[in-house]
Amino acid sequence: MKTIILRTASNYLLPVLLLFSIFILLRGHYLPGGGFVGGLIAAIAFVLHSFANGLKNTKSLLRFHPGFLMPAGLALSFFSGLSPIIFAGDPFMTGLWYHGHVPVLGSVGSALFFDMGVYLVVVGVTLTIIFTISEAP
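Residues in the sequence shown are numbered consecutively from 337, following this note's numbering.
Take these hints with a grain of salt, some might be off.
Think about it this way: if two alpha-carbon atoms lie no more than 20 Å apart in a straight line, the pair counts; the simulated EDC-like pairs of lysine to aspartate or glutamate are [stated by the list, open to error]:
| # | residue 1 | residue 2 |
| --- | --- | --- |
| 1 | K395 | E471 |
| 2 | K392 | E471 |
| 3 | K338 | E471 |
For the record, the hints were derived by calculation from the structure and aren't laboratory data.
The structure presented is a predicted model; accordingly, all values stated were derived computationally and were not measured.
Construct the complete structure from the given sequences, taking the supplied hints into account.
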């Protein structure tokens, strides 16, 4: 039996936790955090929502199967590691940095795109596993 308090709280907590996960993702450049921890927080937000509102309602929020996030994240991480070879002739996974300052983000480099790929993979794997377990009879 789901309580009205949990349902109401989860509807407010979902966007707050997703915003916090993006903060942790972006913070990971300079301080502890990054794609893995941010991805786990985002997955926890959806799991909390599914506990309170049901798996069907949470899946309707996503609009696609979370498994599609895994190849997108892997591709983003791979191409961020490949970008030094293509653009600078440097070895694989060498950090490339944009020399300008981007408002809100600060310094942008290939590490940010690698972390974003990890974020997508972690969200995709975690939600796929949890949703599959939840659907099992």
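Here's how the hints hold up against the structure:
1. K395 with E471: 12 Å, holds
2. K392 with E471: 10 Å, holds
3. K338 with E471: Holds, at about 18 Å.
Of the numbered hints stated above, none is contradicted by the structure.
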